[in-house]
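Residue numbers (numbering that gives the first Met the number 0), protein chains in the order written: chain A, 0 to 795; chain B, 0 to 795.
All clues given are correct.
If chains are identical, the list can't say which one is meant, so a pair holds when it fits in one copy or spans any two.
With a straight-line Cα cutoff of 27 angstroms, these simulated BS3-like cross-link-like pairs (lysine-lysine) come out:
| # | residue 1 | residue 2 |
| --- | --- | --- |
| 1 | K303 | K457 |
| 2 | K688 | K707 |
| 3 | K720 | K508 |
| 4 | K238 | K282 |
| 5 | K772 | K123 |
| 6 | K518 | K720 |
| 7 | K48 | K303 |
| 8 | K412 | K518 |
| 9 | K508 | K772 |
| 10 | K707 | K678 |
| 11 | K789 | K54 |
| 12 | K754 | K707 |
| 13 | K707 | K553 |
| 14 | K553 | K720 |
| 15 | K456 | K412 |
| 16 | K653 | K761 |
| 17 | K317 | K777 |
| 18 | K720 | K707 |
| 19 | K508 | K123 |
| 20 | K193 | K238 |
| 21 | K777 | K327 |
| 22 | K298 | K337 |
| 23 | K405 | K303 |
| 24 | K126 | K772 |
| 25 | K767 | K54 |
| 26 | K777 | K126 |
Calculated from the structure, these hints are not laboratory results.
There are 2 protein chains.
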Amino acid sequence: METKSLEITTENLSEDLLNKINAYWRAANYLSVGQIYLHENPLLREPLKPEHIKKMLLGHWGTTPGQNFIYVHLNRIIKKYDLDMIYVSGPGHGGPAIVGNVYLEGTYSEVYPNISQDEEGLRKLFKQFSFPGGIPSHVSPECPGSIHEGGELGYSLSHAFGAAFDNPNLIVSCVVGDGEAETGPLATAWHSNKFLNPVTDGVVLPILHLNGYKIANPTILARIGDEELEQLFLGYGWKPYVIEGDDPMEMHQQMAILLDKVIGEIKAIKENAAKDKNAARPKWPMIILKSPKGWTGPKFVDGKKIEGNFLAHQVPIKDPATNPEHLKQLADWLRSYKPEELFDNNGRLNSELQELAPSGKHRMGDNPNANGGLLLQNLRMPDFRDYGVEMKRGQLGSGDTLVLGKFIRDIIKANIEQRNFRIFGPDETLSNKLDFVFEATDRQWEAPVIDTDDFLKKEGRVMEMLSEHQCEGWLEGYLLTGRHGLFNCYEAFIHIIDSMFNQHAKWLKVTSHLPWRRKIASLNILLASHVWRQDHNGFTHQDPGFLDVVMNKKASVVRVYLPPDANCLLSVMDHCFRSRQYVNVTVAGKHPAPQWLSMDEAVVHCTKGIGIWPWASNDKDVEPDVVMACAGDVPTLETLAAVSILREHLPELKVRVVNVVDLMKLQPETEHPHGLNTKDFDTLFTEDKPVIFAFHGYPWLIHRLTYKRNNHVNFHVRGYKEEGTITTPFDMTVLNEMDRYHLVMDTLDRLPQLKNKTAYLKQEMQDKLIIHKNYIRKEGMDMPEIRNWKWEVLES
Amino acid sequence: METKSLEITTENLSEDLLNKINAYWRAANYLSVGQIYLHENPLLREPLKPEHIKKMLLGHWGTTPGQNFIYVHLNRIIKKYDLDMIYVSGPGHGGPAIVGNVYLEGTYSEVYPNISQDEEGLRKLFKQFSFPGGIPSHVSPECPGSIHEGGELGYSLSHAFGAAFDNPNLIVSCVVGDGEAETGPLATAWHSNKFLNPVTDGVVLPILHLNGYKIANPTILARIGDEELEQLFLGYGWKPYVIEGDDPMEMHQQMAILLDKVIGEIKAIKENAAKDKNAARPKWPMIILKSPKGWTGPKFVDGKKIEGNFLAHQVPIKDPATNPEHLKQLADWLRSYKPEELFDNNGRLNSELQELAPSGKHRMGDNPNANGGLLLQNLRMPDFRDYGVEMKRGQLGSGDTLVLGKFIRDIIKANIEQRNFRIFGPDETLSNKLDFVFEATDRQWEAPVIDTDDFLKKEGRVMEMLSEHQCEGWLEGYLLTGRHGLFNCYEAFIHIIDSMFNQHAKWLKVTSHLPWRRKIASLNILLASHVWRQDHNGFTHQDPGFLDVVMNKKASVVRVYLPPDANCLLSVMDHCFRSRQYVNVTVAGKHPAPQWLSMDEAVVHCTKGIGIWPWASNDKDVEPDVVMACAGDVPTLETLAAVSILREHLPELKVRVVNVVDLMKLQPETEHPHGLNTKDFDTLFTEDKPVIFAFHGYPWLIHRLTYKRNNHVNFHVRGYKEEGTITTPFDMTVLNEMDRYHLVMDTLDRLPQLKNKTAYLKQEMQDKLIIHKNYIRKEGMDMPEIRNWKWEVLES
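The following block holds chain A by itself, in its conformation from the complex (with noise of 0.2 angstroms):
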């Protein structure tokens, strides 16, 4: 760590200083306070009012003072030791405390001209929190200096170590709220300090605040004890220093030597692992605040207990405008605060405690790895076409995922001095075949290894914790700063972090339409062993069900792509990685599986995203008679066997073979940016003809897609249906009655003119299918005759 001063130095403020910083305090609480309650006479200049009172009060005060507190104590030492550190708050509704916080440092008006450092700038600051059309009561991605939310609790201290990996001279602050702290994903974020290098990986500062509560209860941890409480965080591997009390100046002397002495700390364990390799895992500082809930707020209302009781957790006056005690009491509150020391005649903060803040680029609201579009560099890109297969069409491969691990272990390499690439799985980068990754790289881990263990290293671009949830908060935190990264995951465990996908994708959406944020890399999800492929895991590990949550976030934000085999894979996720802005969610088998595209193919596919395979077609210069649709490896596999045998039996029948790898082409080009036009889906699809459409997924998700396209009385969609069981690859198919013979016997049900020729093959399709039953329950695994399909007759 660089820091300007290597000298630590703990001692008590300075009279002055602490003045000026209480002063400071002061004046967070104050705009926090006016945020909540002010529409007109923000600076108390007459007496408060009815008519000053916003109409309907919204806001939480109860975590807002103790985080006004602490940011003025970090302030102090970026300050002091010139450091760069970003802020992030974990407790929900800490709005008023951070926007107050980024006004006062000045980066806010540079943002937003129009909320100015004067007067008029205040009132407007104030009217516009939890306003209609304004910014909410969380740090939402308007707030300067922000990369989480905190609109759902759990995930603000994997944020912080995402953003601290390959930044060896940032410090994260995270605040962690003690309700917070009660979620399972916050939980077991505390381990991921095994998992950060000191050496290449910056630090991470958590200050747990135990304010007490949450909205009506107590919280768990302000109610086990200081034993307990101190021993949980040992476990945890952190040194926990504890700070309480309630007086502000004693509370601001212990905060003061207590940073002065984390910093020296953090400093020691840095420069004591550059010197040796082999230091053990340092136990990193962390503080514990313990303040009361809505310090300095009212002590009573109406004789209720307000400050240090759950009661100061939203709005503690709830009618000033109407209750005329209340509305004094309110005054009572703002001026207890000295408004008229704390801002100049213009309603500027004074100067001399605006020197307390950082300048520039040390301001946590001003601090690029919060906006990290402003750092992000391209990734440097090996040819993906480098990686492709030679094919023959129909010949097993050696798994996609295995394939397209080299292309990445490729990109590992091209990037190691840039360091800003990552892969995260939980414990599942090998079982997903990208196991060529380790060629390049090595899993980070900074407890100790033993001789057996394979691939752990100190540093490495992979990170391998069995927790989904920290994997998808450590990725957001890395690219939120600016960075790339991939999530490997199994397809049915996605769904564990539906609702952080919800909110990043929700991120992207608001930060979409803030010119000042600059764009981030997108966030890349592959799901390798995916529904079909759960031969020794079952019903379990089956649920495609995480591309209908992906669909129902904004167009702008999201794609779904499935790549019927390695070639289209390589060149999917070359298009990921290179991408902006998105969820990007890839499906892919990991199973060795017939492969169906030369590379060159693969790209002009992948590139339109879906298109006729004219190869598997026999409709060459005519209107087809049926449409054989499918997305994804294993329905492109049946759909295939299935024109195979409709092409062998029936070679008068004209059949389309039409493979979708990007599944937003399918919308109506008015519903999302890649849908196709009217013309162009008709065309695909015809007008009138039966489309007999195999999907990855749920079948209705098709459905959704395409219920206002011409012909969408003509889909009929095969997928996934909640029917499965520890069994063979083909028998899942049949279970949901997407194999290749129900698929022709779904065609022929659509084509009533053959009916009289084609009873014969419905029989047929109808034995096949018992003889596979009977089969795999003596055998165990697939007939020969499905492992050996012939293919010849597609290129007929």
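Dock chain B against chain A, hints included.
Relative to the frame of chain A, chain B by itself:
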């Protein structure tokens, strides 16, 4: 706790008992290896040949011997102290261990007579494992004694606590895997001990099985050192006991003595708590078992370390059928357990070993708590009609969930002695306005209470921890052991448990087909604080997509209700509380909102689930010109306001209002048991008239449900489309174009015959929207016109 022998003795096992326990363990290990490998020759009566080996080797050996070890030792103490105990197997893929043990104790053959206790039964037992159509490698619903499959990791401890609540004589032994322990939900579940009442609840005995590795990595807890490990669990409030080793005989002695000691401590805690009502929260004992992964399996294969390494995770010897050396190694491994000493001539476990297992319902496989439907008692239910509100149509109620609270309060009162009903929520029971329940009960809380706390007691029916995972997991455990409950949650954040819902729905689907599994009470989820009313939370709190996740699951186990007002909510919840084997999701408002139906009308409407509201329609005896449909409280409000505009301005227009309470009614009867048949659907929605549908959730869900309907092409659906911020309730509908004015315009757009007559009305609607925008930007609240809408025209 009632124990046969109240005398706790801790002494070394006798030589005889030690040998028997070890033999029993060998038998369980033998069965586990047999399940993974053997197709024939289950007792090795002839030399092992390639044709005896399964063709596909699937399964997980790693966790198995440790779990077998635990099981036999738990059997000993159950028998010794006459305990009532169930076993929760947290580590993934523990199937071979638990299935084997349940077979050894006799339960398996009682439930599945085909898997008999003889050589032929053994052969079938082995064959079915991880075999198509057989049983999965998890402790799936097919396994007697299981309430926890473990396919998706992280919920064992929450399930265990759910099982223990209100089960004062039950001990739930919960084996937690060290991989699973890295997940967020598990990491916070350790704090459940702050919610367990030692008098009125049972006991959870966690056994953290530190075998060191997950799939391909060491685990965090295995590498943090003994000191941190102990501190962590002390910090979590447990009293941890570590037992470590790999010598079976020493480990048996250690484990036996430790379990005696632990049972003694549990007994002492319960006795002390019964005597001293003010006793501090006890420090319950827990066990940390450190044993090698793949214990007793091959030490090395092909020179690679297997036992005690991550390579023991799945199948340690991969190709015994084709590699003679490996075949010999497998044969040696199997014979190392000396099956000839363990099983008699018929292939049944020797009778002296059989005696080690408990008998009857004391067998963990046969404990009725693990087949909760056996114990399920109906709730005593007050008549929900008594809680109905008097209403004048359109008049504001007090908040629908507030009304519901009185009904639930009295359900709590009526069942206070049965002790079989609980409410779970992440600190939101008050926020969701179920205030009245606190007239009947409190929040259960085993940590200190101070004067200013509200409704916190050592015993109460409300369980609140700020973790949706815990709420869901506790409730699942509570239901699976035969009780009833409700989970209340903010709508957006129910996505946090998407994957838990998925797994529970899968469990319900599978158990529905197991005749010996009795039906359990439905899992009732109440989503108050929904997408449309996040006035002070904004975009992060707006997500109705859980409904999409729910609808992906089997129609036989999921239900979604959208009651439009308080009386309907009462009727719906009464139904939900009486139902079995479903997940019922109900979305309801908590804010004062207009009421529409009398109690009698509500009962009729909710019983049908969908229906015409004649008082709002003017299409009596004629075909309507337009159908205005709605589902959800806010959409219903906007629809009726739109209808009132249309009827005022265009009295000749025939408008039909259809309200949907039961979303499943929209699906075809072939897709869902609640689905309307074609005739009924067409009667409601017509075959060719425009349908303007205002929907609570994402609009495409309605399309997905109705795309097969005759009139689908005329469905125009409005709903949430990811537009939102801090704003007023009405403005939220405007942002998403579901407000009354848009609905009127939508209607006019679909009635081209009226175009000339209605241009003025469309213009007026557009003007209204502009006026609205201006008003709220200035005043911060909705216009009085919106708040005080005139409903008279509806009943004119």
